[in-house]
Amino acid sequence: ILNVEQSPQSLHVQEGDSTNFTCSFPSSNFYALHWYRWETAKSPEALFVMTLNGDEKKKGRISATLNTKEGYSYLYIKGSQPEDSATYLCAPGTGNQFYFGTGTSLTVIP
Amino acid sequence: EPEVTQTPSHQVTQMGQEVILRCVPISNHLYFYWYRQILGQKVEFLVSFYNNEISEKSEIFDDQFSVERPDGSNFTLKIRSTKLEDSAMYFCASNPAQLYEQYFGPGTRLTVT
Chain A
1 ILNVEQSPQS
11 LHVQEGDSTN
21 FTCSFPSSNF
31 YALHWYRWET
41 AKSPEALFVM
51 TLNGDEKKKG
61 RISATLNTKE
71 GYSYLYIKGS
81 QPEDSATYLC
91 APGTGNQFYF
101 GTGTSLTVIP
Chain B
1 EPEVTQTPSH
11 QVTQMGQEVI
21 LRCVPISNHL
31 YFYWYRQILG
41 QKVEFLVSFY
51 NNEISEKSEI
61 FDDQFSVERP
71 DGSNFTLKIR
81 STKLEDSAMY
91 FCASNPAQLY
101 EQYFGPGTRL
111 TVT
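These protein sequence lines map, in sequence, to chains A and B.
Reminder that position 83 of the first sequence reads as 83 in our numbering, one-by-one numbering, no gaps.
Reminder that position 79 of the second sequence reads as 79 in our numbering, one-by-one numbering, no gaps.
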């Protein structure tokens, strides 16, 4: 089982601030990494799938990078908005099996 | 926009009973998954399914669990003899191919009493 660590566990930022979180995982047997956004009472929503070392993905104000050699991925949110408040989960995997972190809970204060 | 659906939204069952959780993946998707989240814990992978067979499964997915795609649209998870520790939110997900985004259903909350 992959030991996936996400930090920080929770984060409160002011509207307009930029922020970032970390997902760490063992770098051996890496296949792909998923980032999800999970709002309360909803199901996880896919943000990115990343596979290659050095990958950078962007969707609007949210972007992510991947370092498979050292075993980490960063998620960045530029100019946070209240609607960005959610738990952000990463799930690296081997083959077709994925291991979730505990998530980073983001609260954006208006 | 197409979405993954799951039924029921909440299932209460007695210990030892069999339950079947149902999912309808997005119609052109080929890979299907079951995950669960016990309250307060991480989301855990259970099983992935492709081409009418299990492609990977976790240690959690023991002989008490089985999956099936009985009719080309439904994807089911059966728990043969439920235990108290099976109480969790069960999520189904699908994607059109490996390395694509997975689309999650709304989940079924299973409560075993």
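Treat the hints as calculated values from the structure; they're not laboratory data.
None of the values given here were measured: they were computed from a predicted structure.
There may be inaccurate statements among the hints.
[Claimed, not checked] Derived list of chain A stretches under chain B, where covered just means 3 residues or more per stretch with a C-beta under 8 Å from a C-beta of chain B:
(1) 40–46
(2) 94–101
[Unchecked claim] Distance windows between CB atoms, simulated:
(3) D17(A) x D63(B): 45 to 53 Å
(4) D17(A) x D62(B): 40 to 48 Å
(5) N53(A) x I60(B): 38 to 46 Å
Ideal Cβ positions, reconstructed from N, Cα and C, are used throughout, including at glycine.
Status of the hints after comparison with the structure:
no.	hint	verdict
1	40–46	holds (count 5)
2	94–101	holds (count 7)
3	D17(A) x D63(B): 45 to 53 Å	holds, 50 Å
4	D17(A) x D62(B): 40 to 48 Å	holds, 46 Å
5	N53(A) x I60(B): 38 to 46 Å	violated, 30 Å
Against the hints set out earlier in the document, a violation occurs for number 5 only.
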